[in-house]
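**Student:** Here's the letter readout for the chains.
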Amino acid sequence: DGGITQSPKYLFRKEGQNVTLSCEQNLNHDAMYWYRQDPGQGLRLIYYSQIVNDFQKGDIAEGYSVSREKKESFPLTVTSAQKNPTAFYLCASSIGLAVETQYFGPGTRLLVL
Amino acid sequence: QQPVQSPQAVILREGEDAVINCSSSKALYSVHWYRQKHGEAPVFLMILLKGGEQKGHEKISASFNEKKQQSSLYLTASQLSYSGTYFCGTEKNSGYALNFGKGTSLLVTP
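If you read the sequences in order, they're chains H and S.
With the numbering used here applied, the first sequence corresponds to residues 1 to 113, in that order.
With the numbering used here applied, the second sequence corresponds to residues 1 to 110, in that order.
Bear in mind the hints are in silico, worked out from the structure with no lab data behind them.
Predicted, not measured: the structure shown is a model, and the values here were computed from it.
Among the hints, erroneous ones may be present.
Said to hold, decoys possible - In silico lysine to aspartate or glutamate, EDC-like type, Cα no more than 16 Å apart, as pairs: (1) H:83 - H:62; (2) H:71 - H:54; (3) H:70 - H:54; (4) S:92 - H:100; (5) S:50 - S:66; (6) S:50 - H:100; (7) S:26 - S:66; (8) H:83 - H:24; (9) S:59 - S:14; (10) S:102 - H:38; (11) S:37 - H:62; (12) H:9 - H:24; (13) S:92 - H:59; (14) H:83 - H:15; (15) S:59 - S:17; (16) S:92 - S:66; (17) S:102 - H:59; (18) H:71 - H:30; (19) H:9 - S:40.
To be verified - Computed beta-carbon distance windows for the label pairs: (20) H:20 - S:17: 29 to 37 Å; (21) S:14 - H:16: 45 to 53 Å; (22) S:14 - H:2: 33 to 41 Å; (23) H:28 - S:59: 28 to 36 Å.
To be verified - Pulled from the structure, derived: some chain H residues nowhere near chain S, Cβ distances all over 12 Å: (24) 22; (25) 68; (26) 75; (27) 83.
Each residue gets a CB set at the ideal place from its N, CA and C atoms; glycine is no exception.
This is chain H alone, in the form it adopts within the complex (with noise of 0.2 Å):
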């Protein structure tokens, strides 16, 4: 079956620590994204990618970062200069980012310790 995978479902971070969450995607999708969810604040992009090694900024990237150095992968690092990292984070992926449907995971729930 196609989809994105998220890893893992919950995850915990120590303070001054970086963290990685994976993100999988077997639908031959080019654009894949990452996206933040806090209460009552929606979904806010982190970063995004068109294409293998390239991506942009979306408009909260300060204390992430990610590589796209496989198709199938968008890996996503919260440093530890995201000072407020306890959120939903949720990876999603599309054909091409024009006008496209995004298929999103299951999502990975960060909490700080």
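Chain H is fixed; fit chain S onto it per the hints.
**Tutor:** Relative to chain H, chain S alone:
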């Protein structure tokens, strides 16, 4: 810029209708609608394109008024399964990433 959704929340009895609005201060190329159930991933409902027609999906339909930079989602004869948070995502031009609104929480009661 983040589109504005209204209302923030709505409670319906099964069988009642609802309208959710999505407004932008900028000209729009397309509007996307998604529904998210608690703890789950958002699921695509429909896309409305500039110059396009009103779309429908079962008893859920939507319209896109380009001049007003506004889209409305219509839920008729609501079912319990319609409960969730509805998000609109707007695209200011072809090839740009979506900006999502803060969502409208919909609860359908028996």
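**Student:** Confirm or reject each hint.
**Tutor:** So, going through the hints one by one against the coordinates:
{"no.": "1", "hint": "H:83 - H:62", "in the structure": "10 Å, holds"}
{"no.": "2", "hint": "H:71 - H:54", "in the structure": "11 Å, holds"}
{"no.": "3", "hint": "H:70 - H:54", "in the structure": "11 Å, holds"}
{"no.": "4", "hint": "S:92 - H:100", "in the structure": "14 Å, holds"}
{"no.": "5", "hint": "S:50 - S:66", "in the structure": "7 Å, holds"}
{"no.": "6", "hint": "S:50 - H:100", "in the structure": "14 Å, holds"}
{"no.": "7", "hint": "S:26 - S:66", "in the structure": "10 Å, holds"}
{"no.": "8", "hint": "H:83 - H:24", "in the structure": "26 Å, violated"}
{"no.": "9", "hint": "S:59 - S:14", "in the structure": "13 Å, holds"}
{"no.": "10", "hint": "S:102 - H:38", "in the structure": "10 Å, holds"}
{"no.": "11", "hint": "S:37 - H:62", "in the structure": "28 Å, violated"}
{"no.": "12", "hint": "H:9 - H:24", "in the structure": "13 Å, holds"}
{"no.": "13", "hint": "S:92 - H:59", "in the structure": "15 Å, holds"}
{"no.": "14", "hint": "H:83 - H:15", "in the structure": "9 Å, holds"}
{"no.": "15", "hint": "S:59 - S:17", "in the structure": "10 Å, holds"}
{"no.": "16", "hint": "S:92 - S:66", "in the structure": "11 Å, holds"}
{"no.": "17", "hint": "S:102 - H:59", "in the structure": "14 Å, holds"}
{"no.": "18", "hint": "H:71 - H:30", "in the structure": "7 Å, holds"}
{"no.": "19", "hint": "H:9 - S:40", "in the structure": "11 Å, holds"}
{"no.": "20", "hint": "H:20 - S:17: 29 to 37 Å", "in the structure": "45 Å, violated"}
{"no.": "21", "hint": "S:14 - H:16: 45 to 53 Å", "in the structure": "50 Å, holds"}
{"no.": "22", "hint": "S:14 - H:2: 33 to 41 Å", "in the structure": "34 Å, holds"}
{"no.": "23", "hint": "H:28 - S:59: 28 to 36 Å", "in the structure": "33 Å, holds"}
{"no.": "24", "hint": "22", "in the structure": "15 Å, holds"}
{"no.": "25", "hint": "68", "in the structure": "14 Å, holds"}
{"no.": "26", "hint": "75", "in the structure": "18 Å, holds"}
{"no.": "27", "hint": "83", "in the structure": "22 Å, holds"}
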